[in-house]
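Number of protein chains: 2
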Amino acid sequence: MKTLLLSMEDVQQVLSMRSVIDAVKEGYLAFTQGKVQQPDIVSLEVPECNGETDIKSCYNGLNRRISVKIASGFYNNGKTNTMPTMIGMIQLFDGETGALLCVMDGSLITGIRTGAAGAVSAEYLARKDAKTVCVIGGGGQARMQVYGLCEVRPIEKVQVFSPYPAELPAYREEVERTAGVPVQICDTLEAALEGADIVVSTTPAKHYLVPAKLISKGTHIIAVGADMAGKNEWDPKVFWGAKIVNDSIAQCVSRGETRNALLAGVITEGDIYAEIGELVAGGKPGRTSDEEITIFDTTGMAIQDNMTAVKVYELARERGLGTWFEFLKGEG
Amino acid sequence: MKTLLLSMEDVQQVLSMRSVIDAVKEGYLAFTQGKVQQPDIVSLEVPECNGETDIKSCYNGLNRRISVKIASGFYNNGKTNTMPTMIGMIQLFDGETGALLCVMDGSLITGIRTGAAGAVSAEYLARKDAKTVCVIGGGGQARMQVYGLCEVRPIEKVQVFSPYPAELPAYREEVERTAGVPVQICDTLEAALEGADIVVSTTPAKHYLVPAKLISKGTHIIAVGADMAGKNEWDPKVFWGAKIVNDSIAQCVSRGETRNALLAGVITEGDIYAEIGELVAGGKPGRTSDEEITIFDTTGMAIQDNMTAVKVYELARERGLGTWFEFLKGEG
Numbered sequence: 003m004k005t006l007l008l009s010m011e012d013v014q015q016v017l018s019m020r021s022v023i024d025a026v027k028e029g030y031l032a033f034t035q036g037k038v039q040q041p042d043i044v045s046l047e048v049p050e051c052n053g054e055t056d057i058k059s060c061y062n063g064l065n066r067r068i069s070v071k072i073a074s075g076f077y078n079n080g081k082t083n084t085m086p087t088m089i090g091m092i093q094l095f096d097g098e099t100g101a102l103l104c105v106m107d108g109s110l111i112t113g114i115r116t117g118a119a120g121a122v123s124a125e126y127l128a129r130k131d132a133k134t135v136c137v138i139g140g141g142g143q144a145r146m147q148v149y150g151l152c153e154v155r156p157i158e159k160v161q162v163f164s165p166y167p168a169e170l171p172a173y174r175e176e177v178e179r180t181a182g183v184p185v186q187i188c189d190t191l192e193a194a195l196e197g198a199d200i201v202v203s204t205t206p207a208k209h210y211l212v213p214a215k216l217i218s219k220g221t222h223i224i225a226v227g228a229d230m231a232g233k234n235e236w237d238p239k240v241f242w243g244a245k246i247v248n249d250s251i252a253q254c255v256s257r258g259e260t261r262n263a264l265l266a267g268v269i270t271e272g273d274i275y276a277e278i279g280e281l282v283a284g285g286k287p288g289r290t291s292d293e294e295i296t297i298f299d300t301t302g303m304a305i306q307d308n309m310t311a312v313k314v315y316e317l318a319r320e321r322g323l324g325t326w327f328e329f330l331k332g333e334g
Numbered sequence: 003m004k005t006l007l008l009s010m011e012d013v014q015q016v017l018s019m020r021s022v023i024d025a026v027k028e029g030y031l032a033f034t035q036g037k038v039q040q041p042d043i044v045s046l047e048v049p050e051c052n053g054e055t056d057i058k059s060c061y062n063g064l065n066r067r068i069s070v071k072i073a074s075g076f077y078n079n080g081k082t083n084t085m086p087t088m089i090g091m092i093q094l095f096d097g098e099t100g101a102l103l104c105v106m107d108g109s110l111i112t113g114i115r116t117g118a119a120g121a122v123s124a125e126y127l128a129r130k131d132a133k134t135v136c137v138i139g140g141g142g143q144a145r146m147q148v149y150g151l152c153e154v155r156p157i158e159k160v161q162v163f164s165p166y167p168a169e170l171p172a173y174r175e176e177v178e179r180t181a182g183v184p185v186q187i188c189d190t191l192e193a194a195l196e197g198a199d200i201v202v203s204t205t206p207a208k209h210y211l212v213p214a215k216l217i218s219k220g221t222h223i224i225a226v227g228a229d230m231a232g233k234n235e236w237d238p239k240v241f242w243g244a245k246i247v248n249d250s251i252a253q254c255v256s257r258g259e260t261r262n263a264l265l266a267g268v269i270t271e272g273d274i275y276a277e278i279g280e281l282v283a284g285g286k287p288g289r290t291s292d293e294e295i296t297i298f299d300t301t302g303m304a305i306q307d308n309m310t311a312v313k314v315y316e317l318a319r320e321r322g323l324g325t326w327f328e329f330l331k332g333e334g
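Protein chains in written order, with this note's numbering: chain A, 3 to 334; chain S, 3 to 334.
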């Protein structure tokens, strides 16, 4: 029993946004169909080093694979050393024998599967003719969300605003080169929201940035930033009367943007329209008019990592990438 | 940033019961002193394949290392394939940067650190002259507990009883060879308990095996088998009037043998004397008379894996063992 080791470079060679969107969609469906065991996220805090580590695990009955992602943010990295801030590792186990099939770098996978989540939501909830995207924030997810949206809607323009504007010239250069879409850097949030069909928020904000009154009818909102209690990018009032879709209701009410709207008393749990998997399954329709405001709250699910990592593992094996190692050497 | 990979063979070369006992003791102390963040155990069940996977993680402020152990039992293995039933992997991360320092086989570590736990308890709770050990069960832990006890007490004889007696000849041969102590195979539990100073239970029993009335004054009990709700090796009445020590009170009341005594109404939480770390710290004395019955309930703690894995990692580096792999190749 050998284990396949995949470096970031190996993973990058086989990852594509299009295939990850399909994988994530299949994962949402399996989750809704009750084929996924997904325990609560485990969080370890290392405040003395400005770090945190999350463990997201699941058993996916669809592919009989167990995945465990250990993802860290250490925010002193890059200052006192040359390490990246965000590091992730994924282990894949065979659900029939418990064998460790693969250990892979998970840093790229987290980024791309989160971008793919936004794209899946837009496929069901954004207007078919959505062409202008407002992006709030200028980091990794601000990029990935655009790359995902370009796969599912005829995006013609990105209007970006960031509380940290220094990051925006590099953002514009990279997104224009990668996605082939013009990026306009905006000095104010109002300017960035002007005429936007889709609004994506990707900041680590702890107090809301986006007032509800600035959101026009027909907008699709993708709320990415708030993924733990204490984070908040949106005026809770935007939830009032909107079609609210969660990746996982259990997670969103305990740690997503939905939690903030519940705490503010703007909505009750009964106002949550659906989990995204229900839209994929076809049991509930997505957008049904050009006027409604739709909100997709995503906190990130282990099943997204599972489906993406399994795809990476299979493609890497097909192409002969990676390095094999025998952990059980010496057994028996 | 390279990661050290250690196979079972590499791990075996540096593990010794003596050094693991010291590591586990230090870990218990750190836990009691509040230096350890240890989230709840995550459990994934794969009933259709007769398997289960547990994830035990912690951050240890003493050595600034995060450890994540993913340990599985797949009970069809060995029948339909050649895989071992129990498989474990441990990842060690640097608590200052989040870097993945080491991925190692964890199968041997679980066994030896659990044996070491029993030994630490005997050091504080068994009579100084304890020489006869009754072992219930004939599997891996039935061996490891004896190897641990031989390090801390002048053990002269092992009396073993198992609900599955077919495993006992191999048990006797291996324990006599490894520990140099004579092993007597007993046909009845009563015979195995005759004159025992220490009783170790290591079965997966779901209904109690050991009646309280068979336990003599002065006995030290090590309850290893019951580590999840539903497992039960001991008559709850044995807890009545005994000095009860837990590895982690939180874990033992929710999934250990202590849980069964609480549910039976034989004790209340206030009757639990101490966590083992409090004895190591010296705040509370261990055994104080030759007459008392002492019970150590161990469910297994992430901090034991952490301390043991860090020792293995350090020794392997010193001796130049293992294989290095660069997961972040391609970064930046």
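It is possible that some hints are incorrect.
Stated by the list, open to error - Heads up, simulated DSBU-like pairs for lysine-lysine below, C-alpha to C-alpha not over 35 Å straight-line:
#1 A:Lys37 to A:Lys233
#2 A:Lys233 to S:Lys233
#3 S:Lys233 to A:Lys4
#4 A:Lys239 to A:Lys81
To be verified - To give an idea of the interface, some chain A residues facing chain S are shown, with a C-beta separation under 7 Å as derived from the structure:
#5 Lys37
#6 Gln39
#7 Pro86
#8 Ile89
#9 Met91
#10 Met230
No lab work stands behind these hints: they were computed from the structure. Just so it is clear, CB atoms sit at the ideal spot from N, CA and C, and this is done for glycine as well.
Each hint tested on the structure:
1. Proposed proximity of Lys37 of chain A and Lys233 of chain A is supported: the alpha carbons are some 30 Å apart, at most 35 Å.
2. For the given pair, Lys233 of chain A sits about 41 Å from Lys233 of chain S by alpha-carbon distance, which is inconsistent with the 35 Å threshold.
3. With a CA separation close to 33 Å, the supplied pair Lys233 of chain S and Lys4 of chain A stays within the 35 Å bound.
4. The straight-line distance between the Cα atoms of Lys239 of chain A and Lys81 of chain A is roughly 39 Å, outside the 35 Å bound, and the hint therefore fails.
5. Below 7 Å, beta-carbon pairs count as interface contacts, and Lys37 of chain A has none with chain S, the closest being about 11 Å; its hint is therefore violated.
6. Proximity of Gln39 of chain A to chain S holds as hinted, the smallest CB-CB distance being about 6 Å (cut-off 7 Å).
7. The closest approach between the C-beta of Pro86 of chain A and any C-beta of chain S is roughly 6 Å, which is under the 7 Å cut-off, so the hint is satisfied.
8. Satisfaction of the interface hint for Ile89 of chain A is found here, the shortest Cβ-Cβ separation to chain S being roughly 5 Å, below the 7 Å cut-off.
9. Annotation: Met91 of chain A was flagged as interfacial toward chain S, and the flag holds, the nearest CB pair being 6 Å apart, inside 7 Å.
10. Because the smallest distance between the Cβ of Met230 of chain A and any Cβ of chain S comes to about 15 Å, over 7 Å, the interface hint for this residue is violated.
Of the numbered hints stated above, those contradicted by the structure are hints 2, 4, 5, 10, listed in ascending order.
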